[in-house]
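Chemist: Protein chains in written order, with this note's numbering: chain A, 1 to 251; chain B, 1 to 307.
These are computed hints drawn from the structure, not numbers from a lab. Only a predicted model underlies this, so the values are computations on that prediction, with no experimental measurement involved. Just so you know, even glycine gets a beta-carbon here, dropped at the ideal spot from N, CA and C. A few of these clues could be false.
As the list claims (entries may be wrong) - Heads up, incomplete: computed chain A residues facing chain B, CB under 8 Å, no partners named:
{"no.": "1", "residue": "Thr33"}
{"no.": "2", "residue": "Ser111"}
{"no.": "3", "residue": "Tyr117"}
{"no.": "4", "residue": "Gly162"}
{"no.": "5", "residue": "Ile189"}
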Amino acid sequence: MPIHEKSLIRKEDLRRQEHLVLEGVDVSGDWSTFIGARVLTDYNERLQDEIAALPGGENIHRCWQCGSCTNACTVNAINPDFNPRYWIYLIRLGMEQELLRDKEIIWQCVSCHKCTYACPRDVVPEGVMKATAQWLELKGHVPTNPSMAFDEEFSAQVFATGRIEEGRLLRRFFRRTGQPLAQPWLVAIVRGLVARLPVGLLARLGLAALVHPRTPRWGRVRRVVHDYVETQNTRRRAALGLGPASKETAP
Amino acid sequence: MTDTCREVAYYPGCALEGTGHAYDRSTRAVGKALGLRLVELEGWNCCGAMEVKNIDPKLQTFLSARNLGIARRMGQRTVMAPCNGCYHNLKKAEYDLAHDPASRATVAELAARSGETPYAAGEVETIHALDWIRAAIGPEGLKARIRRSLAGLKVANYYGCMYSRPRHIFPEKDQGPDSESTSKPHFMDDLLAAAGAVNVEYPLKTACCGGAHTLSDSDTSTRLVLNLLTTAEACGAEVIATECPTCHSGLEMHQARAARVFGKATRVKILYFTQLLGLALGLSARAVGIHENFADARDLLRAKGLG
Numbered sequence: 001m002p003i004h005e006k007s008l009i010r011k012e013d014l015r016r017q018e019h020l021v022l023e024g025v026d027v028s029g030d031w032s033t034f035i036g037a038r039v040l041t042d043y044n045e046r047l048q049d050e051i052a053a054l055p056g057g058e059n060i061h062r063c064w065q066c067g068s069c070t071n072a073c074t075v076n077a078i079n080p081d082f083n084p085r086y087w088i089y090l091i092r093l094g095m096e097q098e099l100l101r102d103k104e105i106i107w108q109c110v111s112c113h114k115c116t117y118a119c120p121r122d123v124v125p126e127g128v129m130k131a132t133a134q135w136l137e138l139k140g141h142v143p144t145n146p147s148m149a150f151d152e153e154f155s156a157q158v159f160a161t162g163r164i165e166e167g168r169l170l171r172r173f174f175r176r177t178g179q180p181l182a183q184p185w186l187v188a189i190v191r192g193l194v195a196r197l198p199v200g201l202l203a204r205l206g207l208a209a210l211v212h213p214r215t216p217r218w219g220r221v222r223r224v225v226h227d228y229v230e231t232q233n234t235r236r237r238a239a240l241g242l243g244p245a246s247k248e249t250a251p
Numbered sequence: 001m002t003d004t005c006r007e008v009a010y011y012p013g014c015a016l017e018g019t020g021h022a023y024d025r026s027t028r029a030v031g032k033a034l035g036l037r038l039v040e041l042e043g044w045n046c047c048g049a050m051e052v053k054n055i056d057p058k059l060q061t062f063l064s065a066r067n068l069g070i071a072r073r074m075g076q077r078t079v080m081a082p083c084n085g086c087y088h089n090l091k092k093a094e095y096d097l098a099h100d101p102a103s104r105a106t107v108a109e110l111a112a113r114s115g116e117t118p119y120a121a122g123e124v125e126t127i128h129a130l131d132w133i134r135a136a137i138g139p140e141g142l143k144a145r146i147r148r149s150l151a152g153l154k155v156a157n158y159y160g161c162m163y164s165r166p167r168h169i170f171p172e173k174d175q176g177p178d179s180e181s182t183s184k185p186h187f188m189d190d191l192l193a194a195a196g197a198v199n200v201e202y203p204l205k206t207a208c209c210g211g212a213h214t215l216s217d218s219d220t221s222t223r224l225v226l227n228l229l230t231t232a233e234a235c236g237a238e239v240i241a242t243e244c245p246t247c248h249s250g251l252e253m254h255q256a257r258a259a260r261v262f263g264k265a266t267r268v269k270i271l272y273f274t275q276l277l278g279l280a281l282g283l284s285a286r287a288v289g290i291h292e293n294f295a296d297a298r299d300l301l302r303a304k305g306l307g
């Protein structure tokens, strides 16, 4: 494997041997129980099928563990715990508990597609990351992550009007995630812009925020899209052995 | 492609009506200055972007294909999208409709229920703004039209992710020296060199700016952008040239955020390649929307005799 996945040695798996002498050699120090005997019985044998039932996860069975995805990964370069190859391995073996140790970071995939570009087996690891993030949320392992919240706000606006108005999206997302709109860096940008922009253009931008841009004759498409999304949500929940959603996913 | 590029269907997309307005303005201005006609798609909708794709890829294919269907109805054979996200999604829709029966069935069903004729793969061709200027004018043709050379302005060309990855949705790329490369893209380098810029060796041409999480995981985005900015400066660049509104506003926003939140200030300016081409074609800074960029580049351009 052309990579050094040091993150696989976890702190809790290390054992400190203060005085260990084996056959006359002092081997005291930190030992990884990575090589120790252990018995696993809590497999989720349906895990791969569940991920494959979600959009993006369809090709997970093709993986042959070469590690090209992790080697190419943008996020792995700044956080070695972010390891697509390892997660695909765990999913294929059904090691759900082990996978859940990383449940807080899987959504951080930036969709740069470097993994899909490098993958020799057309697994589409980027899609598997999205499917896994969706799985974690559907199963109730994690609350809606910020990225998913953004996707939902964005998609709700597209479904409703056919288009996005970025100012509105920003305001709604910040409100939903409890962030103040007056972030110092954002204030600095807006101040600079207001100082430079001509009055006419400012008025146009203000108008766009009030009169949301929309695609003409969108009404019928909107209904079709809403129906489709609802059908898909039900189908996916069923594939994971879950009943109908208690609340509407798309506001 | 060349025959049809003097008139193309124009798909600006949502970002070019908002934070990327300078890109819309400069693209239209450059087209006009070069005598190229842009016919905006009538009643276009969002391409689905990454956000709808994350919720349901086939739904994103439907939304993108709907725009291609509009182009077909307007009698256009080529759709030009300046936004990497839009360009990528139209290309992906094209690929999926040609190769994936399940996507084809979903798009056909949703189109029928919306009362529209479904788009079939191959009816129109999707190109990027870089393909458009290259095919219609080309670096040599551009050289002959330069009124005010960029005169050695040092530029790092930044293409981002969606322009060239994953490679299977861009079958026309990696087809020999005249085609675009997915690993080392050069179409923007070629055009800016023709306009007099000095392209610095920039190893992060296709690195990621974290645009997917620009608001939802800001610290990761700021780290990725800061790496792009400091590397460009280390390579001697005065300007990073962009060809995507998400990359562009991400670079500008996180440049400001890096200075305010991380205490790491950088000086490199970020300009759309169409803004640089427009200036070289003799257009005013205002005509190409320099005043609409988040980061003020007017001092640098004035110092270079371009403002």
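Chemist: What hint numbers does the structure not satisfy?
Modeler: 1
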